[in-house]
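**Student:** Sequence:
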Amino acid sequence: MKVDEFDFQLPPDRIADRPAMPRDSARLLTVLPDRLEDRLISQLPDLLQPGDLMVVNDTRVIPARLQGRRGQAGIEITVHQPLTPLRWLAFARPAKKLAAGDQVIFADDFTATVLAKQEGGEVLLDFSCPADDFFAALQRHGAMPLPPYIKRPKGQDGSRDHSDYQTLFAREPGAVAAPTAGLHFTPTLLEALARRGIERLAVTLHVGAGTFLPVRVADTSQHRMHGERGCLTAEAAVRLNDAKAAGRRILAVGSTALRLLESATDAQGRVFAFDGSTDIFITPGYRFRSADLMLTNFHLPRSTLFMLVAAFAGLPRMHQAYAHAIETGYRFYSYGDATLLQRLAQ
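Per this note's numbering, the sequence shown starts with residue 1, numbered consecutively.
Be aware that one or more of the hints could be misleading.
[Stated by the list, open to error] No more than 35 angstroms apart at the CA atoms, straight line, and that leaves these computed lysine-lysine pairs for DSBU-like:
id, residue 1, residue 2
1, K96, K151
2, K151, K117
3, K96, K117
4, K97, K117
5, K96, K2
6, K244, K96
7, K151, K97
8, K2, K151
Please keep in mind that the hints were generated in silico from the structure rather than gathered at the bench.
Work out the full structure: start from the sequences and follow the hints.
**Tutor:** If you want it as C-alpha cells, here you go:
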C-alpha cells in the first residue's frame, strides 16, 4: 500500500505534552462498526464483558538517553538494544563525530567505546562499568527517552517524566519507549476492572527506539521494522489458549502487546511461548489471530502504528475516527487520549 494512504493533518496543539491527571480521566474514543462514542478511560469496565482477558505489557522504560562527550564534542546517545549486558546498539547525535575506536565519556565512572558505526546514525557501543551496575549507571546519568514530539525546556531535569513516562505495570527493565496505552491505568481503575470480572495477564515487549523512526519509503512493502525483544511465557500461553477455547475475548492493551501476541500465535490461533526478537510489521490485509479488542493511543500520521490500527479496525474507519478526534479536541500521542477498537470482521 502507498504510505500516503495513512496520512492526515494534525494541528500541533492536539499533541499532549503531559498526561491527564488522574491518568484514568483521559478521554476514550470507542470505535464501533456503526458509530463512535465519546467516553472516559474510567468507563472502560463498563465497555468490557465479565471474563474478558486484558493483556498488558510489563516492560519498564530505562533512562536510555545519555549526554556525553568525545574530546570537546558533545554527543547524545540513546541506547536501544542490548547484544550482551554491556554491548548495546544505540543512536548517536551527531553520529558523524564518532568513529570506531572512539571513547564517549558520560561520567568519570561511566564511559563507552565505539565498536562500529552503522547506517542511520546507529553505533555499537561497549560500556566500561561492571555488568551488574549498568542499569544503576543509567539511573544515575541517563534521562527518559521522550519521543521527539514532546518538547522540554533546556535545563529541565525531567524528574516528573521519570514517573509520568512509566506504566503501572512496569516490571522488566529494557524499553526505550513506553507502551503508552498502559499509561492510562490507575489502582482505582484496576480495582473496578477486577470487580467487573476482567482478568489481567502480563507479557513483555521491550519497545525499541525504532518505534519513533519515520517511514521513509513510498510503499509499505519496502519498509523494514527494527527488531524488539519479547517474552510470553508458557503459563501465559496456557491462559490465553484456555480463554480462547472458552470463547472469552482478548483485549490487547497497546500495539506492543498486540504485536507480541501475534508473534506468538500460529495460523490456527494457537498461542505458544515466545522468547526472542520480533520485527512483525502489520498493515491492512493482515489476518489477526489473537486479540478481539485493542486499547491504544492516537498515533502519528504515516507511522507503522497508524498502519497497525488501520489493519485492526479498517483504514476508512480509522480515518473517520481520527477526524472526529481532531475536531472534538482529543489529545494525541504518548501522553494523549486513547481509542478502544473492535477487530475488523475477517
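**Student:** Check the structure against each numbered hint from earlier and tell me which ones fail, lowest number first.
**Tutor:** Hint 6 contradicted; others consistent.
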